[in-house]
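A.B. asks: Construct all of the structure, not just a fragment, from the sequences and the given hints.
Chains as they are written, first to last, in my numbering: chain A, 180 to 518; chain D, 16 to 97.
Hints are computed from structural coordinates only; laboratory data are not their basis. Accuracy of the hints is not assured; some may be wrong.
[As the list claims (entries may be wrong)] Pairwise CB distance ranges (calculated): (1) D/K97 to A/A291: 54 to 60 Å; (2) A/Q221 to D/D51: 20 to 26 Å; (3) D/A19 to A/K455: 30 to 36 Å.
[Stated by the list, open to error] Mimicking DSSO-like on lysine-lysine, the simulated pairs with C-alpha atoms at most 30 Å apart in a straight line are: (4) D/K73 to A/K452; (5) A/K422 to D/K73; (6) A/K455 to A/K517; (7) A/K455 to D/K73; (8) A/K418 to D/K28; (9) D/K73 to A/K289; (10) A/K422 to A/K319.
For each residue, glycine too, the CB sits at the ideal point set by N, CA and C.
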Amino acid sequence: MSITVAPTGHSRILSVGTYRPKREVPNSEIVDRIESTDEWIQQRTGIESRRFASDDETVISMAKAACEMALKRAKLTITDIDTVILATISYPFQAPSAATELINELGNPKAAAFDISAACAGFCYGVAMASDLVRSGTSKNVLVIGVEKLSDYTDSDDRATAFIFADGAGAVIIGNSDQPRIGQTIWGSDADSRDAITLTPSFLEYKKNPAKGVGELGWPNISQQGQVVFRWAVYSMSKVGLKALEAAGVSVDELGAFIPHQANIRIIETMAKEMKIPDSVLIADDIRTNGNTSAASIPLAMDRILEEHPELHGKLALLIGYGAGLVYAGQVVELPPKP
Amino acid sequence: MALAQADVLAGLKEIVEEVAGIPAASVEMDKNFTDDLDVDSLSMVEVVVAAEERFGVKIPDESVTDLVTVADAVNFIVNASK
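C.D. replies: Structure follows, in C-alpha cells:
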C-alpha cells in the first residue's frame, strides 16, 4: 500500500500589487505631540512622510485593492486562486480570520485561507509557505498578502514610535514555474527577546478590570526597545541574509535588488554594509515616504523599486523580514516579470 | 589579562571616528556620547558592537544605556576584560 502525491515542481512570483492609503502624513504633522523635529526623525529613521488609512480604508479593503492589482498584472482572476495567506497584526478580530473575510470580498469564498502572525516577518513567512505549497502540488496559485493598519495601534504621544509605524497593503501571487525562481527560506526566532517589541495590554485586561477601561489601562499600542531591535536587526539579520544567498547558490553581486523589511533606513544601510552589498545592487528605501508598514513593507517596497527601475523585472532580489517575536525569514526570489 | 585603560581609550577613539565621524581627538574621557559628541542611540549600538569585536568583550543590551560618557564605556570594557 502506498500514498500517491502530486508531482513536485517549482515556484515563482507571478506578480505584485499594492495599496497605499490616500492620506500622506508628513513629519510636520507628527512632531508637535512628541516635541521632535522633521530633521531628527529623518536622521534617525529616514522617514520623510508616511500614509495613514482613513476609517473607510480597512485592513480588508486595502488587502483587497492590493490583491486586485496583483491579479490583473498576473492576468488571472480570483477563481484561479486556490489559497490565500494573509500576514497581519492589525486585523481587529481574533476570529474568523482576515483571510476569510478577504476571500469573501474578492469573490472566491471556497479558497483555502488563513492568517499568519509573524509581525514584520509575516510576508516572508507567507512567501516561504506559498512557495512550498506550490512546489508540493498542494496549491496552484497562492495569494500572499502583507497588510497593516498600524495607526490603530500606535501611540501618537510615544516619542519612540509615533513617527515610525504606518499603514498599507502589498500582495504577490505565487504559482508554478519551469525552474526554481524562489530560493530556500532561512527562518527562525530569537524568542528569548520577545519583550523587545510588544503590543500591550492584552484585551482580557479590559474584561478583568471593567471599571478601569482604556483610559486607565491604555490601548494596546506597539512599543519597542530601539537599541535592542537595531542591534538584532543589523547584526543577526545580515547573517540570515548571507545564509539565504548561500542556500540559493547566489552571490551578493548577482542580486539586482536588496528588499529588506522597511523598519528604519539606518538598519537597512548598516545591514547592507555588514553584508558587503555592492553599489551595483539597488537597495529598497520605500520607508522614506511610506514609514514602517510591518508585514506590508516588503511587497510595497518591491512594487516601488520595480516602478522606479523596470529593468529589475525578472532579476534576483534578497528579501528579509524581521520583527516582533523576535522572528525572521529571508529568501532569494526572482522578481516578477513585467506585466 | 585586563586591558589597559589607555589602550581602550585609544581604540574607542578610532571606533567613534569611524562609526560616527567624530574626530578622534575630541573623544575624551569626560565627554558625554549624546550631548558632547552627538553620537545618537543607534550609532551607539554600532560603537558597542565594534568595541566588542575589537576588545573581545561582551557588552549586553541592558548595559548599553549605562554607557553615558566615554569613561563609562572605557571602564566597562576594562572591567569586562578582567
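A.B. asks: Each of the hints needs a verdict: does it hold here or not?
C.D. replies: Structure-based check of all given hints:
1. D/K97 to A/A291: 54 to 60 Å: At roughly 59 Å between Cβ atoms, A/A291 and D/K97 fall inside 54 to 60 Å, so the hint holds.
2. A/Q221 to D/D51: 20 to 26 Å: Taking Cβ atoms as reference, A/Q221 and D/D51 lie about 23 Å apart, which means the hint holds.
3. D/A19 to A/K455: 30 to 36 Å: holds (33 Å)
4. D/K73 to A/K452: holds (22 Å)
5. A/K422 to D/K73: The hint holds at about 24 Å.
6. A/K455 to A/K517: Roughly 29 Å between the alpha carbons, so the hint for A/K455 and A/K517 holds.
7. A/K455 to D/K73: Distance ~24 Å between A/K455 and D/K73 Cα, so the pair holds.
8. A/K418 to D/K28: holds (27 Å)
9. D/K73 to A/K289: violated (54 Å)
10. A/K422 to A/K319: The hint holds at about 28 Å.
The structure fails to meet hint 9 from the earlier list, while all remaining hints are met.
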